[in-house]
Amino acid sequence: MDRLKESLLILLLVVFLQSCVMLAKSKDYYPFDTSGLDKLIAGKSTAAEVTEVLGAPSTIVKLSRGNAYIYKHSLTKGTGLWLVLVTFGNYDKHKDQIVIFFDKNDVMTHYGVTLDAHKAAYGLPF
Amino acid sequence: MASPFRILSFLMYVFIVGNLLTGCVSYRLIRGTEGRPIPPVSEECQVGKTTLQETLETLGAPDQVAELEGKDVLIYRRSLLAQSGLSFGIPLADIWISSFDISAYGRLVRYDLLLLFFTPDGILSELVIEKGSQHPYLKTILSDKKGD
Numbered sequence: 015m016d017r018l019k020e021s022l023l024i025l026l027l028v029v030f031l032q033s034c035v036m037l038a039k040s041k042d043y044y045p046f047d048t049s050g051l052d053k054l055i056a057g058k059s060t061a062a063e064v065t066e067v068l069g070a071p072s073t074i075v076k077l078s079r080g081n082a083y084i085y086k087h088s089l090t091k092g093t094g095l096w097l098v099l100v101t102f103g104n105y106d107k108h109k110d111q112i113v114i115f116f117d118k119n120d121v122m123t124h125y126g127v128t129l130d131a132h133k134a135a136y137g138l139p140f
Numbered sequence: 198m199a200s201p202f203r204i205l206s207f208l209m210y211v212f213i214v215g216n217l218l219t220g221c222v223s224y225r226l227i228r229g230t231e232g233r234p235i236p237p238v239s240e241e242c243q244v245g246k247t248t249l250q251e252t253l254e255t256l257g258a259p260d261q262v263a264e265l266e267g268k269d270v271l272i273y274r275r276s277l278l279a280q281s282g283l284s285f286g287i288p289l290a291d292i293w294i295s296s297f298d299i300s301a302y303g304r305l306v307r308y309d310l311l312l313l314f315f316t317p318d319g320i321l322s323e324l325v326i327e328k329g330s331q332h333p334y335l336k337t338i339l340s341d342k343k344g345d
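Line by line, the protein sequences are chains D and X.
For the first sequence, the numbering used here begins at 15 and goes up steadily by one.
For the second sequence, the numbering used here begins at 198 and goes up steadily by one.
Worth double-checking, as some hints may not be accurate.
Stated by the list, open to error - So the derived label-pair ranges between C-beta atoms look like this:
1. I55(D) to K268(X): 20 to 30 angstroms
2. H132(D) to E266(X): 30 to 40 angstroms
3. L18(D) to L310(X): 49 to 59 angstroms
4. A62(D) to G282(X): 51 to 61 angstroms
5. V35(D) to I204(X): 24 to 34 angstroms
To be verified - Not everything, but these chain D residues come out facing chain X in the computed CB check (under 7 angstroms):
6. I24
7. V28
8. V75
9. L77
10. S78
11. A82
12. L99
13. V100
14. N104
15. V113
16. H124
17. V127
18. T128
19. P139
FYI, nobody ran anything at the bench for these hints, they're computed from the structure.
Just so you know, even glycine gets a beta-carbon here, dropped at the ideal spot from N, CA and C.
Taking the hints into account, I'd like the entire structure generated from these sequences.
Quick look at the structure:
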């Protein structure tokens, strides 16, 4: 019985002495301030006014009747757990994104906002 | 009270067993998600009726925007990575010419996609949904069939 307890103790020590945990965080693009969105009015605000409020877009896409400016910021959180025989890894990536549509005269027609970057979370893969 | 020699021997034993185990068998499991779940669109999006403005208000900013044959496409996407690997090896390099090692790895990225096509007037003209996450990991990765 003592031998069994000793073996179990060894096994537990092997697991915990050689295990390792890793937490990582990664960001893409600088977070943008959405408070200025209230100043933008569809059918009136121009591309110049939009860039004055939000800065330079991350991407510009040409569309059928104008352009779309895309502002993005993403946050990734990663978790790693190394045990003796098994390795677990997980990452979760969410983003804040604003897409602003302009007509051919560079006047804003619509915009869509998604603010999800804060939802990125650490965790295990099960 | 245990002697220091006995404690030292015990710790060395733990170290050797641990290293032998880690050198022989290992299993790896990695999961990753990018983006939010694709929202249900059955009621919110109606072809020929729903406008671009309504869609942006309901679903938020798309992950990607593109122009395709005169239509504007909003793409909402979520990707799910699943990766696993099992490795078995016997580290013999110090006493033999080479070591024995056998490994099996699998990596699968599945995509949930929602594509919304809008006319230049901003009316929804077509809607495509693909739920890649519904495909089971093992069945998909082991299958040779197209579409699985």
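A quick look at each hint next to the structure:
1. I55(D) to K268(X): 20 to 30 angstroms: Taking Cβ atoms as reference, I55(D) and K268(X) lie about 26 angstroms apart, which means the hint holds.
2. H132(D) to E266(X): 30 to 40 angstroms: For E266(X) against H132(D), whose Cβ atoms are near 37 angstroms apart, the range 30 to 40 angstroms holds.
3. L18(D) to L310(X): 49 to 59 angstroms: Cβ of L18(D) to Cβ of L310(X): about 54 angstroms, so the range 49 to 59 angstroms holds.
4. A62(D) to G282(X): 51 to 61 angstroms: holds, 52 angstroms
5. V35(D) to I204(X): 24 to 34 angstroms: The hinted range 24 to 34 angstroms holds for V35(D) and I204(X), with Cβ atoms some 27 angstroms apart.
6. I24: Hint holds; I24(D) Cβ to chain X Cβ min 6 angstroms, cut 7 angstroms.
7. V28: For V28(D), the interface hint holds, since the closest Cβ of chain X sits about 4 angstroms away, which is under 7 angstroms.
8. V75: Given a least distance of 5 angstroms, the restraint on V75(D) holds.
9. L77: Holds. Min distance 5 angstroms.
10. S78: holds, 4 angstroms
11. A82: holds, 5 angstroms
12. L99: holds, 6 angstroms
13. V100: holds, 5 angstroms
14. N104: Since chain X brings a Cβ to about 5 angstroms from N104(D), closer than 7 angstroms, the hint holds.
15. V113: holds, 4 angstroms
16. H124: Cβ of H124(D) sits 5 angstroms from chain X, so the hint holds.
17. V127: holds, 6 angstroms
18. T128: holds, 4 angstroms
19. P139: holds, 3 angstroms
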